[in-house]
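Student: Here are the chains, one letter per residue:
6 protein chains.
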Amino acid sequence: MNILPIFIVALLASFSHVNAGDFCVGDVSLPAGPAGYSCKSVAKVTVNDFVYCGLAAAGNTSNLIKAAVTPAFAAQFPGLNGLGISLARLDIAVEGVVPMHTHPAASEVLLVVQGTICAGFISSANKVYFKELNKGDIMIFPQGLLHFQINSGKGKAIAFVSFSSADPGLQILDFALFANDLPSSIVEKATFLDDAQVKKLKDQKDDDKN
Amino acid sequence: MNILPIFIVALLASFSHVNAGDFCVGDVSLPAGPAGYSCKSVAKVTVNDFVYCGLAAAGNTSNLIKAAVTPAFAAQFPGLNGLGISLARLDIAVEGVVPMHTHPAASEVLLVVQGTICAGFISSANKVYFKELNKGDIMIFPQGLLHFQINSGKGKAIAFVSFSSADPGLQILDFALFANDLPSSIVEKATFLDDAQVKKLKDQKDDDKN
Amino acid sequence: MNILPIFIVALLASFSHVNAGDFCVGDVSLPAGPAGYSCKSVAKVTVNDFVYCGLAAAGNTSNLIKAAVTPAFAAQFPGLNGLGISLARLDIAVEGVVPMHTHPAASEVLLVVQGTICAGFISSANKVYFKELNKGDIMIFPQGLLHFQINSGKGKAIAFVSFSSADPGLQILDFALFANDLPSSIVEKATFLDDAQVKKLKDQKDDDKN
Amino acid sequence: MNILPIFIVALLASFSHVNAGDFCVGDVSLPAGPAGYSCKSVAKVTVNDFVYCGLAAAGNTSNLIKAAVTPAFAAQFPGLNGLGISLARLDIAVEGVVPMHTHPAASEVLLVVQGTICAGFISSANKVYFKELNKGDIMIFPQGLLHFQINSGKGKAIAFVSFSSADPGLQILDFALFANDLPSSIVEKATFLDDAQVKKLKDQKDDDKN
Amino acid sequence: MNILPIFIVALLASFSHVNAGDFCVGDVSLPAGPAGYSCKSVAKVTVNDFVYCGLAAAGNTSNLIKAAVTPAFAAQFPGLNGLGISLARLDIAVEGVVPMHTHPAASEVLLVVQGTICAGFISSANKVYFKELNKGDIMIFPQGLLHFQINSGKGKAIAFVSFSSADPGLQILDFALFANDLPSSIVEKATFLDDAQVKKLKDQKDDDKN
Amino acid sequence: MNILPIFIVALLASFSHVNAGDFCVGDVSLPAGPAGYSCKSVAKVTVNDFVYCGLAAAGNTSNLIKAAVTPAFAAQFPGLNGLGISLARLDIAVEGVVPMHTHPAASEVLLVVQGTICAGFISSANKVYFKELNKGDIMIFPQGLLHFQINSGKGKAIAFVSFSSADPGLQILDFALFANDLPSSIVEKATFLDDAQVKKLKDQKDDDKN
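Protein chains in written order, with our numbering: chain H, 22 to 231; chain D, 22 to 231; chain U, 22 to 231; chain V, 22 to 231; chain S, 22 to 231; chain G, 22 to 231.
In case anyone wonders, no lab produced these hints; they're calculated from the structure. Remember, predicted model here, so these are calculated numbers, not experimental data. Treat each hint with caution, since some may be false.
To be verified - In silico contact screen, one side only, chain S against chain D (beta carbon under 7 Å); selected entries:
1) V149
2) G176
3) Q192
Ideal placement from N, C-alpha and C gives every residue a C-beta, glycine not left out.
Construct all of the structure, not just a fragment, from the sequences and the given hints.
Tutor: As structure tokens, this is what we get:
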């Protein structure tokens, strides 16, 4: 009765070195691989590696789009590394919008916790699915498809989004087209947008950079 | 200028039959497979297949555990089928608890939206990770590990949990051990619990069934 | 020496019913699942299920974009079902372009077999990667990211693209924004494009439909 | 105390239709998909779907190779469907051999339970790894690589092999080359084997068929 | 005839550096990632990396549970790293038991090689599946579900279990609840076990630690 | 209007360290893992990491098989690392052949760009699928199955093959059997080939090595 079972000793011992087992808290100081970050030593992992408080405060919506996205992806919350899930917080002020964007590597589920949001996505078959969502409603945005969220209510809107990846990625259409060094001539050729329109948006973005 | 590009016609046509493409809204009337439900015809899919309102209302906490779990898994929300993600709502009254349980097929991230919750999990290496969480905090529960959530505050607590599977499963320890036809002798042999303790909890469960 | 080994009889027999084994030629008449189409009975599968001739002929480039994309995805070539790979042919006439687009569910590798193509993509970190490609060059477009191909040479360009999915999907930016029933007001709100620009492109698309 | 917790009712109910959850016992009468067979209704599943007795008896080794392979793959043991694992039994008489073969879709681990076996595999880098194994030894054969097992002892040998797929497939080199309608001219062209050798082995196989 | 084909030279050369190719023998001295350990250099890999003899000897069953589990997981047998499969040996003396436990990351198949074992598991739908198994019988335990094995015969029982992961993990219920620093008050709150019962088992475990 | 939106700053910043995001260009100087090479720092990645010119030139077919395979796998083209796709070029002179071989870790799609090729594969159920392919035809070779390509035309043949893995592996039957240190006695035992045939081919290979 009084000896600890041999196999427990063996097992607990054997598992004390198994980083890939239950979890793999990311160590961003080590090189990453296709499946995510390298694992922090289990010996150094504490409960704080599994808790994140960065979504508790509202994001700053004093900006062009009157909205803020606060990510809790593996880069911000390394405990998610390798677990295939992540979250983000959306704050959208009155008349605010999370512009047309995609997540290259994840599907998304949005949960409205305050206000009213008109959200939608466009499928590969070029069909549009959009609806006004109220508090407590959830909506799906399948992986890699263009989607948007607009505050369609009279007050501030707050939502939390979950992703089917610890590192979903984010590509905001306007920034992809107008906020980098992609030549205007290529943008125009590849989007059929008028030169004036492209220049206007690029300048606006340049202004943003000032 | 006035003819629709040939390749668009071809592509849109070719994609109109591709169920496995962007999404696969579950048709629960058809046989499922290892990867989930069969897909509902894209032609019959509407935005309502991607929106679910079942988490807007609080669950009924007038029960033994003073808590309620309201799932939005593929079985309740077929739009999630095949997307590798799902949600659930937790309502925990004062002194309420979501008892020790596991999700066999998914990791979980909990988001506290009201109140205070003491939550934790136990690893394969038999280490305990638990902490008190406040509004806005999120916590990870890696796949398949025993975990619990207890209302540790003075008022009602509400949380939303996200899973890395559309069908995470749920195994509640007490119900697995005491709320089915597993013989008491086997429960005792496999858990080292006393006969009296097992009988007591089984009776309690039997009462529950009345 | 003259009896067929028992185990071969057993094995060949046992495998004659295993559709999920080596391959799963899609049967588009049956319901699909998240992993693809249901499998055609192995007994009915012939070599012709594994050979496709639809990419041999050039696509028609007499259209708005002076380009044609001819897909050989699971929908056109069901032998690819479940194998995680597919192909397509690109024909781009002089001054032609395959406009800005994404594949929600696959990475792509482009192979130039004739002419010169200027191709590029934009990353989640909003960095642009583009280059002029000549015959025999191959270029990667990671999953879900906006990318484009422009004929930058003096003659016709031909390329073949491979995808890391049997059903990569395709979302062409202009068609997603302007060739469906997404209200102009939402397009403008979610893209910051001017009303005139949106109206112009939508009309153009409407014309295309005539 | 006397009411069954509401959420349990809800959960148990919601899960009673979730075939894709814990398991997906194959229903071979329904069409399969890329991920395996369709699931048998959970209501019809019993413990017998999870227990298989077909490996208890020795296979018949009175054959050309003095060996027998008895599979417990998803086709024989549908409870394995979708679980990513399967087993088989190897009986090898004195001087018997399991000839050079591959499993296209799975890695293998062999466990010797009786006798002595000389086993080996050849890597993609064309390096040979082989060793004599005794009772209790286990050996790995990575996915898709040519490997063999030879009884190198004085008595009967028995082994059990596990696979990292419910449907690993099996391609026996001799039978692939000589026991089907692949023309001898192609065999010779593609293997550099002499015509006489090919003819001899094909005849032998033909004999086997009588 | 006398020159080694150029492309073989090229290929063999190109493959000599491809660690991720056929296999990835774990190097436990390097940081792991979500997919497992880093790969040992192929140049240093020998057949001994693919052979393990640690399961040949019986485990010591002179303990509380009269049973021993001897694992051959990636931590003990690094050749399994990344291959999605592992094994373990079960020795269960008369009246011995492998107590209620789960494997968070893998499904299991048990093979009885000696004696008689009563084994079972409980599903997410709270249904119990258990049966007495004899020599040669195999039984499935789907991923993440509570299961147990009891020696129900008159002599020693031996079994080998295979897992659908190189690192299946193991969570033994009694040790998760009673053999760590999880406060008794939380154990009681989360399991409805009586204080006396919890104290008794915790003490017993403490004794075990002496 | 003139301030860059806060959330973009936050997002672009947060993503600048996310190696696992859109892509993971392999750094062959770092240890690899089961999922592929470690990722090169995104800061050092340029468009040249995504472009490869090594397939532009014909391979040297002045060899035993009158054919050349030029791979663009992750080892040659690290930009493919983790993306689940790769390419190779086949040059087959008149009377040339790519001998019977397998790819242990990937399915293949062949595209004929010049000439005529007779290609085929053999299934696990030992059925042969082969056909003559002309320019523009594509053919599937499911994962891990023996297959071959023979120039069946009057002129040179060129094909490009795509794989469903960045590191498909390649096992050429003749080289696996005859171009390494696998003892002739084992080859004969495991293949039923005559001693003379084995010796002849081994010698031939030895010659090749001179």
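Student: Decide, hint by hint, whether the structure agrees.
Tutor: Outcome of the hint check:
no., hint, in the structure
1, V149, "holds (5 Å)"
2, G176, "violated (18 Å)"
3, Q192, "holds (5 Å)"
Checked against the numbered hints listed earlier, the structure breaks hint 2 alone; every other hint is satisfied.
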